[in-house]
Amino acid sequence: MSQQPPPSKRSHPCNGDLLRSRRFQREWTQEQLAAAADLSVRLIAKAESNGRLRFDTLALLASVLSTSEKPLYAEDLISDPKALALEFIDNLREHQGDVVSHCRHFLDEDIVFFMPGDPSILPFAGRHVGIEAMDRACRIFFETLEVPDLSRWVTEFVVCDDNQVIAAQWIPAQLRGLAEKGIDATKAELVVYRMVFQRGKIVHFDDQYSANSAEAETLMQRAMLEGPGK
1 MSQQPPPSKR
11 SHPCNGDLLR
21 SRRFQREWTQ
31 EQLAAAADLS
41 VRLIAKAESN
51 GRLRFDTLAL
61 LASVLSTSEK
71 PLYAEDLISD
81 PKALALEFID
91 NLREHQGDVV
101 SHCRHFLDED
111 IVFFMPGDPS
121 ILPFAGRHVG
131 IEAMDRACRI
141 FFETLEVPDL
151 SRWVTEFVVC
161 DDNQVIAAQW
171 IPAQLRGLAE
181 KGIDATKAEL
191 VVYRMVFQRG
201 KIVHFDDQYS
211 ANSAEAETLM
221 QRAMLEGPGK
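Residue 214 in the working numbering is what sits at position 214 of the sequence shown, and the numbering runs on without skipping anything.
Keep in mind that the hints are not guaranteed to be accurate.
What the hints assert, rightly or not - Think about it this way: if two alpha-carbon atoms lie no more than 27 Å apart in a straight line, the pair counts; the simulated DSS-like pairs of lysine-lysine are:
1) Lys46 to Lys82
2) Lys70 to Lys82
3) Lys70 to Lys46
Stated by the list, open to error - Ranges of calculated distance between the beta carbons of each label pair, as one might list FRET restraints:
4) Ser151 to Ile121: 25 to 33 Å
5) Glu143 to Asp38: 29 to 37 Å
6) Ala211 to Glu31: 46 to 54 Å
Keep in mind the hints are simulated off the structure, nothing from the lab. Everything numeric in this text was worked out from a predicted model, so none of it was measured. Every residue, glycine too, gets a C-beta built ideally from N, C-alpha and C.
I would like the entire structure built from these sequences, with the hints used as guidance.
If you want it as structure tokens, here you go:
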């Protein structure tokens, strides 16, 4: 994963939910965390209440709570994964194929982006490594599909768990070109995103949907495009 320079601000609001989650995972009380970090219990309580702390204090807390299985960095404690996930979702709906260029500031350069399916049917499907590969996949998706009625593109839920966000949307898409022929074949597909954050950036993005359903729908709509009136 690409490295980032330390933020320049002297103090930052702490992500209290994440700090508390990692403390619980270690089965520590606030007093035990304070002792391990050589800090006051009052400061730990302040951090878990989203209070502002110096960056070096956040780095100390992160190092104390970090494990080889679940590393933790100061940048994690000053980021808000749910807010960033919502920003991605808003940009996806507004900018569609150009979404990556509007979200680069919180996408890791080495991001792993996955969309299921047979690439011979769904040309955007596959495991895409790196921000440029993700950008190409998103552009191909919206070159292949269109959403004629944005009012039907709705978010079902967005939940944050530790350093990952799970979000679900109903996206009513159809093959590009059908609308020009006066055909409405849109089918709302439930799409579930899993975004994993590290150092305040998305490092892994699973874009999950029913590949079998999407492939069958795509083949049927291709037949519509290639039918009479093409």
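How the hints compare with the structure:
| no. | hint | result |
| --- | --- | --- |
| 1 | Lys46 to Lys82 | holds, 21 Å |
| 2 | Lys70 to Lys82 | holds, 19 Å |
| 3 | Lys70 to Lys46 | holds, 23 Å |
| 4 | Ser151 to Ile121: 25 to 33 Å | holds, 28 Å |
| 5 | Glu143 to Asp38: 29 to 37 Å | violated, 56 Å |
| 6 | Ala211 to Glu31: 46 to 54 Å | holds, 50 Å |
When the structure is compared with the earlier hints, a violation turns up for hint 5 alone.
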